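Enquirer: Okay, here's what each chain looks like letter by letter:
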Amino acid sequence: KAGVTQTPRYLIKTRGQQVTLSCSPISGHRSVSWYQQTPGQGLQFLFEYFSETQRNKGNFPGRFSGRQFSNSRSEMNVSTLELGDSALYLCASQAEGLASETQYFGPGTRLLVL
Amino acid sequence: EDKVVQSPLSLVVHEGDTVTLNCSYEVTNFRSLLWYKQEKKAPTFLFMLTSSGIEKKSGRLSSILDKKELFSILNITATQTGDSAIYLCAVTSEKLTFGTGTRLTIIP
Chain A
572 KAGVTQTPRY
582 LIKTRGQQVT
592 LSCSPISGHR
602 SVSWYQQTPG
612 QGLQFLFEYF
622 SETQRNKGNF
632 PGRFSGRQFS
642 NSRSEMNVST
652 LELGDSALYL
662 CASQAEGLAS
672 ETQYFGPGTR
682 LLVL
Chain B
8 EDKVVQSPLS
18 LVVHEGDTVT
28 LNCSYEVTNF
38 RSLLWYKQEK
48 KAPTFLFMLT
58 SSGIEKKSGR
68 LSSILDKKEL
78 FSILNITATQ
88 TGDSAIYLCA
98 VTSEKLTFGT
108 GTRLTIIP
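These protein sequence lines map, in sequence, to chains A and B.
With my numbering, the residue at position 24 of the first sequence is 595, and numbering never jumps.
With my numbering, the residue at position 53 of the second sequence is 60, and numbering never jumps.
In case anyone wonders, no lab produced these hints; they're calculated from the structure.
All of these numbers come straight from a predicted model, not from anything done at the bench.
Watch out, some of these pointers could steer you wrong.
[Unchecked claim] Okay, derived cross-link-like pairs now, BS3-like style, lysine-lysine, Cα gap no bigger than 25 Å in a straight line:
(1) B:K10 x B:K75
(2) B:K48 x B:K74
(3) A:K628 x B:K102
(4) A:K584 x B:K47
(5) B:K74 x B:K64
(6) B:K74 x B:K10
(7) B:K44 x B:K64
(8) B:K102 x B:K75
(9) B:K63 x B:K10
(10) B:K10 x A:K628
(11) B:K64 x B:K75
(12) A:K584 x B:K48
Sequences and hints are given; from them, build the entire structure.
Expert: Right, dumping it as structure tokens:
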């Protein structure tokens, strides 16, 4: 099976712009979670989508949003970018999103906001 | 708010040494604790622990969970330079909460 894929791998934006990141989970997986990783804060949970519905949400402002399509692919959008949004954005897929399942991470999208 | 704390933040040892990494947590509705290894790419899964006192082992790596004292340890014996990485601990409740990781550096 192909692994989790994320596009683009690298992105440079300026403050105030918006960005859309894409994640394709492992075939057959229905749960996609998004994380932000920064050197100071570590990995922080953004949200989880399952069957096109947001199932869980972390403590991020409304500028961070996401959606999931019927083929389980997910997108994450960040509007009005701030310098502090520079980070590695990881998505992870699971079959059903249960605690008993392993979560598989994609390679991440590294976003730099200037 | 769920909280996961890892210690030490960083560790430098010589090849062949044994290391113990710590993870303590405070979460509501604990379901499982996971360990990941992260090199210059996405985290890769090491162990999932759900029951206290049962050691999970994979080669030179092993891990155990204590649900009464709310912590887990990850042991690596006979360390090699390839073990250099950030080791992440995460706890699942309603969501997955990660610690900030332990940066392990193995000196040849």
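Enquirer: The structure should be examined with respect to each hint, and the outcome stated for every one.
Expert: Hints versus structure:
1. For the hint pairing K10 (chain B) with K75 (chain B), the CA-to-CA distance comes to about 16 Å; that is within 25 Å, so the pair holds.
2. Between K48 (chain B) and K74 (chain B) the CA atoms are separated by roughly 31 Å; this puts the pair beyond 25 Å, and the hint is violated.
3. Distance check on the hinted pair: K628 (chain A) and K102 (chain B) sit about 8 Å apart at the alpha-carbon level, within 25 Å; holds.
4. With a CA separation close to 22 Å, the supplied pair K584 (chain A) and K47 (chain B) stays within the 25 Å bound.
5. A hinted pair counts as satisfied when its Cα atoms are at most 25 Å apart, and K74 (chain B) with K64 (chain B) qualifies at roughly 18 Å.
6. Taking the CA atoms of K74 (chain B) and K10 (chain B), the gap is about 15 Å. The hint holds against a cut of 25 Å.
7. Using a Cα cut-off of 25 Å, the hinted pair K44 (chain B) and K64 (chain B) holds, with the two alpha carbons roughly 15 Å apart.
8. Only pairs whose Cα atoms come within 25 Å are accepted, and K102 (chain B) paired with K75 (chain B) is accepted, the gap being roughly 21 Å.
9. The hinted pair formed by K63 (chain B) and K10 (chain B) meets the criterion: a straight-line CA distance of about 23 Å does not exceed 25 Å.
10. A hinted pair counts as satisfied when its Cα atoms are at most 25 Å apart, and K10 (chain B) with K628 (chain A) qualifies at roughly 16 Å.
11. About 21 Å separates the Cα atoms of K64 (chain B) and K75 (chain B), which keeps this hinted pair within 25 Å; it holds.
12. Taking the CA atoms of K584 (chain A) and K48 (chain B), the gap is near 22 Å; set against the 25 Å cutoff, the hint holds.
The structure is inconsistent with hint 2 alone, although it conforms to all the rest.
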